[in-house]
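Construct the entire structure; sequences and hints are all you get.
Next come the chains, spelled out residue by residue.
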Amino acid sequence: MSFDVNEYYSNLNSDDVLIAYKGNVTSELISNVLEVIEARMDDYSETSRIRKKVYNVLVESLQNLYHHIDILPPETRKGFDEKFGILVVSREESRYRISTGNFIESEKVPQLKGKIDKINSMNAEELKDMYKFILNHQRLSKKGGGGLGLVDIARKTGNQLDYSFHEYNADYAFFNLDVYIDY
Amino acid sequence: MEPLLIEGTAKTPTVKFDAKDGVIEIKGRSIPENSIEFYKPLVDWLDEYSATPLGLTQVNVQLEYFNTSSSKCILDVFKKLEAIHKGKNEVIINWHYEEDDEDMLEAGEDYESIIRVPFKMIEIVE
Chain V
114 MSFDVNEYYS NLNSDDVLIA YKGNVTSELI SNVLEVIEAR MDDYSETSRI
164 RKKVYNVLVE SLQNLYHHID ILPPETRKGF DEKFGILVVS REESRYRIST
214 GNFIESEKVP QLKGKIDKIN SMNAEELKDM YKFILNHQRL SKKGGGGLGL
264 VDIARKTGNQ LDYSFHEYNA DYAFFNLDVY IDY
Chain R
5 MEPLLIEGTA KTPTVKFDAK DGVIEIKGRS IPENSIEFYK PLVDWLDEYS
55 ATPLGLTQVN VQLEYFNTSS SKCILDVFKK LEAIHKGKNE VIINWHYEED
105 DEDMLEAGED YESIIRVPFK MIEIVE
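These protein sequence lines map, in sequence, to chains V and R.
This note's numbering numbers the first residue of the first sequence as 114 and each following residue consecutively.
This note's numbering numbers the first residue of the second sequence as 5 and each following residue consecutively.
Calculated directly from the structure, the hints in this document are not laboratory data.
Among the clues, some could well be false.
When the alpha-carbon atoms are kept at most 25 Å apart in a straight line, the in silico SDA-like pairs for lysine to any residue are as follows [unchecked claim]:
id, chain 1, residue 1, chain 2, residue 2
1, R, K31, V, E151
2, V, K226, R, E37
3, V, K245, R, D104
Below, the structure written as structure tokens:
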């Protein structure tokens, strides 16, 4: 049976949720989410250090979605928006969790998995070197992506990137990424 | 040479580049989805300025947030400044960060290690 995105979303959407969204990921959506999260963090009177970390990591997570969502062909889309993605930000007992999800072409899975595994195997010093190398040697894509988002997230959170891939059909998978920021 | 003045928005910084006094400022937030478009006029302005720069160019960078898409464009801006510095004109980059924002300080140190221009790290105490 194919992976049930909606059920997965409802499971995520429990606990102390600051924001939960599924649908088109556009530039306007990103602006709105950031505005909501800034206001919600004020409610928790979080230190500015944590507020900044959450904000920064959220920006990268959302813009990763924005740049890397693969569009399902209309015949297999089954009611999903064209640039469908999910986002849930929750505040758990000692950490914030930012969960994102998006469709990706199955053939891209091994490369992305390899990249995340590599990042997860690195210590802070190695991540810093990798960041500086990519910053200095890789050009921005036309869309403005720089291949730095995941490295930056790993550096700023100091935590492993939790991920899973779920088969959606023969050509597409659903990619879920959970990022944690300790507070 | 005309100054470059850009009002800040929720996703883009305030920019003030003034050739008359050699002061270059970038302040606020830089988190656009695609930063190339935003930074192109800044890089172009510096290209023109670098033909006849002042003896001292002072650069003030005071960013609250910037995303990884901007980080490469900021490096491009700094590379233009590095070229001015190489041409025997003084350039100093004042990198401002808020007192508990170690990520922003570290970001400044990353640039300092890549770009051959003197940096001054300035802590903003509230």
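Verification of the supplied hints:
1. R:K31 to V:E151: holds, 19 Å
2. V:K226 to R:E37: Judged against 25 Å, a Cα distance of about 24 Å means the pair holds.
3. V:K245 to R:D104: The given pair, whose Cα atoms are some 22 Å apart, holds under the 25 Å limit.
When held up to the earlier numbered hints, the structure conflicts with none and fits them all.
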